[in-house]
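Q: Using the hints, put the two standalone chains together into the complex.
In the order they appear, the protein sequences are chains A and B.
134 is the number that the numbering used here gives to position 134 of the first sequence; each next residue is one higher, with no gaps.
443 is the number that the numbering used here gives to position 191 of the second sequence; each next residue is one higher, with no gaps.
Hints are computed from structural coordinates only; laboratory data are not their basis.
Values in this document were obtained by computation on a predicted structure and should not be read as measured data.
By construction, the Cβ of each residue, glycine as well, lies at the ideal position given by its N, Cα and C atoms.
Any given hint could be a false lead.
What the hints assert, rightly or not - Label pairs and their calculated CB-CB ranges: (1) B:Arg308 to A:Ser252: 33 to 41 Å; (2) B:Asp350 to A:Gln240: 52 to 60 Å; (3) A:Gly145 to B:Arg308: 28 to 36 Å; (4) B:Glu388 to A:Thr242: 52 to 60 Å; (5) A:Ile200 to B:Arg288: 43 to 51 Å; (6) A:Thr197 to B:Asp399: 45 to 53 Å; (7) B:Arg283 to A:Thr197: 48 to 56 Å.
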Amino acid sequence: MTEDEFALLSAGAALGSLSEADQRAFERALDEHPEWAAVADQDAATAASLAESVGDVEPPAGVRDDILARIDAMTDAAAPGSADSGASAIGARASAVPKRPGRRRRLWFALAAALVLIAAIGVGSVITVQLGQPPGVVALHRIEGAPDAQRASARVQGGGIATLHWSTSVGKAVLVAGRMPELAQDQTFELWYVRGTSAIPAGIFHATGDSTSALLKPGLHPGDVIAVTVERDGGSPTGQPTTKPIVAIPTS
Amino acid sequence: MVIDGIDVPEDGTDPVDAAGALIQRVAAGDREAFARLYDMLSPRVFGLILRVLVDRAQSEEVLQEVFLEVWQSASRFTPKRGQGRTWLLTMAHRRAIDRVRSSQASSDRDVRAGFRDLASSPEPVAEQVEMKIESERVAEALRRLPDVQREAIALAYYGGYSQSEIAALTHTPLGTVKTRMRDGLSRLRTEMGVAQ
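Chain B extracted, bound-state conformation (with noise of 0.2 Å):
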């Protein structure tokens, strides 16, 4: 059975990276492992870009670099280092936070308005929402963090923001938002039991 892309086995031993499977024969050149790679993910990939960016056209633009990327660097995806999933979501991140920091639609965005619903429960972009198991734990775990650490990795993570401006528009100082990201996230680690 295979949930997220996790190979789950029924007789519950440990559960396979399929994704992490599938980039290392797209590092090899592999095609079809490369599409089915996209239609597993694609619309987890897409649905964060776009919860990011917002602008759907640019999202769209940014999709399409995030998997180019993918088939031109596979081979520097590692399994020890950990899920392709993981890998695969990172880089879609970065991505969509370079686009955001250098769009000049980021310095139109209304910020006062913006990023209070931002640092409260997450609302999705998604026309149809899928509220799989895990992100509903995801979802309640934010919610049992401190505010002030929901909202620094809420602003950072969906807002694309950095440090400093966090710390500007929290009117924190820089130290106090790195704390919190550091204690957020750990905290958000140990209320997932997320495994490595």
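The shape of chain A in the complex, shown without the other chains (with noise of 0.2 Å):
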């Protein structure tokens, strides 16, 4: 590759434009010709200032806190930002998975502040717990090593944001929140696939703290909306929602 090659690709890199292709070969040329890297700064300046013309907007108070109590949650898990051998390549794509940190030992640490909590599947049914890895965490990291992974958000009335991850190859949803609503003592969330006009019961939950997670009950089709509701403990008794959804997620 010419130099006026890389400049080429250059800056379809620093605006974030490459094709896959064009931009691995963009990564590999930097790799073998680490005195272009200059080229590739001074565009990733130049487009860092693009950044400047649009106006400051003042992100909801709740999103610094629950970012600080993700960071607290991992320093307590692993230590932070280890040392990578290497320079800091601005223009390359670094990998967009943060680490997830391993064994539970406190009902109350987050997995990437996700509290984890055992989903009853139906009523009355008992979870075997894969030992010091609650169903859900287990769910979540084969979702997200999955390449069809995906994931949709949407707001909680009376809460936070929730956000659906779900792989049909793995056939796992789950579903992790911020803020839930507060609940009676009589009363639980309940789950619920969408479908067409047929709501098909997808487990119930309970909020724990400043964030939850609930794995679904298999049985995810595309297409579907992931709804809940409140209902009695235990689950609507008529295997029905008898609210109107809290928050619904479609999938598709």
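A: The structure is reproduced here in structure tokens:
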């Protein structure tokens, strides 16, 4: 590759616009020609200036708290920011997935701030827990590792944001939520697969502090909308939602 | 005096990279430095993410992901490769683009109506826009670019479109799009007198 060809790629890289193939070629070229890093860095600086023409927007206060809570949880579980060998490649694509800590010893620890709960599958059944790792944690690991992992978010009425993580190949779905609305003693949250006009029960769960995770019962179909309603403790006695959803997340 | 995270000494000596200094302390596990970095740059980062993603709920999520990544990868920042602010904004932009590309919402975006607006002067999504000296400088520099270069850059940076998508949208050969981005970025740099 000539330096001119590299410069062409560098502009596209700085703007985040390269195809996967071109991005890889760009990164390889940077490895092979560290002397070209100056070009990439200059372009990155110019591109970053484009961010200056956008107005500042104050994020909601809760986000700051959530982030700090998550880094505190990470600090307890593992050492932060391990030192990497090699120079920082500003133009290169860094690995996008944050490290997920391993074992959970105390229930209120977060998986990246998600507190994992044992979600009851149906009324009265018992979940066996993999030693040291609640099923939601295991599921989230597997989902995130799958090539068809997806996620979608929505606001929870009376709460924060909920994100559904799922993978068709793994066949699992986990709902990770921030703050959930306060419930009465005799109430629970119930999950549903909403398909056309029908709602299929997908498990019940309770909120656990600042973050909650719930593993859905198997049976996610493409195109389902995942909904959460507030029901009587133990789940809706009719097998259908009895209240309007507090959050609905489409999976397509 | 601190302007936009850059400590500008009153006596006219070279400005210190305040954000970069904080990131290096974050790399050592300094939570206080992390909080200060967040307070300093999160409105700019959030504004950028919102501009690209539009969807508020997703933008809040990406904002969290960005700062978590900052916490975990701060040791990869090296001052001699550039400023801390650039490093952070690059990371934020990359995550916003990744999210826009992977979310279904992008396929629902009305391209025909939307992209012409993108290619003209970029509109801020913020409810309260603080037009600082720097942002006016950038907006002015963008306006001085030839239309086709500005369009290619805006579609890429603010719209999150790939070069092939831009070629299709603008009915231009891929090679032309690449050249426009290259020439446009170089010209932008000259117009703004960007210091490295």
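Q: Evaluate each hint against the coordinates.
A: Results for each hint:
At roughly 21 Å, the beta-carbon separation of Arg308 (chain B) and Ser252 (chain A) lies outside the given 33 to 41 Å, and the hint is violated. Checked against the hint of 52 to 60 Å, the C-beta distance between Asp350 (chain B) and Gln240 (chain A) comes to roughly 38 Å, which is inconsistent with it. The given range of 28 to 36 Å is respected by Gly145 (chain A) and Arg308 (chain B), whose C-beta atoms sit roughly 29 Å from each other. For Glu388 (chain B) paired with Thr242 (chain A), a C-beta distance near 56 Å keeps the hint of 52 to 60 Å intact.
A hinted range of 43 to 51 Å for the beta carbons of Ile200 (chain A) and Arg288 (chain B) is consistent with their spacing of about 48 Å. Taking 45 to 53 Å as the suggested C-beta distance range, the pair Thr197 (chain A) and Asp399 (chain B) conforms, at roughly 50 Å. At about 50 Å, the beta-carbon gap between Arg283 (chain B) and Thr197 (chain A) stays in the expected band of 48 to 56 Å.
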